[in-house]
Amino acid sequence: MGEQVNPKAYPLADAQLTITILDLIQQAVNYKQLKKGANEATKTLNRGISEFVVMAADTEPLEILLHLPLLAEDKNVPYVFVLSKQALGRACGVTRPVIACSVTSNEGSQLKSQIQQLKDAIEKLLI
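Going by the UniProt record's numbering, the residue at position 42 of the sequence shown is 42; the numbering climbs one at a time, nothing skipped.
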C-alpha cells in the first residue's frame, strides 16, 4: 500500500473521517439508502436524490470516476474520496471492490442527523 495517492483524488478523508464515512455507509445499506458503483452514483446525482458521494482514491484509472465531482459540484452535493476501494466495497456489504457509491435521501430516515453531520464534515474539507 505504499503507492502514492493520485493528486486528483481531492478531497481525501483522513483516517478518522474514513471510519465515520464507512460506518454510515454500512448503516445506509440496512436502510436501503445506498447506490453502489459509478453509474448508480451518477444516476442519483442526476435525479437529485444523492445526499453525498464517496469515491475510492485507489481506482485505476481514476479518470473513470472523475465526472462525479463535477456533477456533484453542479448539484451542490458534497463528495469525498476514501483510500481503499476494497474497504468501500466491504462497507457497502459486498465482497467486490466498489469505486464509488452514493448515499441517497429518504424523508423518514433515521440516518438524517448522521448524514447531516457527515455532510458538514465533508464540506469543511472542500473549503
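Careful: at least some of the hints might be erroneous.
What the hints assert, rightly or not - When the alpha-carbon atoms are kept at most 25 Å apart in a straight line, the in silico DSS-like pairs for lysine-lysine are as follows: (1) 119 <-> 85; (2) 8 <-> 112; (3) 124 <-> 8.
Claimed, not checked - Label-pair restraints from in silico Cβ distances: (4) 47 <-> 125: 33 to 39 Å; (5) 117 <-> 48: 18 to 24 Å; (6) 73 <-> 116: 18 to 24 Å; (7) 123 <-> 19: 26 to 32 Å; (8) 110 <-> 8: 32 to 38 Å; (9) 49 <-> 26: 18 to 24 Å; (10) 127 <-> 107: 17 to 23 Å; (11) 32 <-> 86: 22 to 28 Å.
Hints in this document: simulated from the structure, not taken from any laboratory. Glycine included, every Cβ here is placed at the ideal spot set by N, Cα and C.
Notebook entry, point to check: Can you give the numbers of the hints that this structure goes against, from lowest to highest?
Noted result: Result: hints 2, 4, 7 and 10 break, sorted rising.
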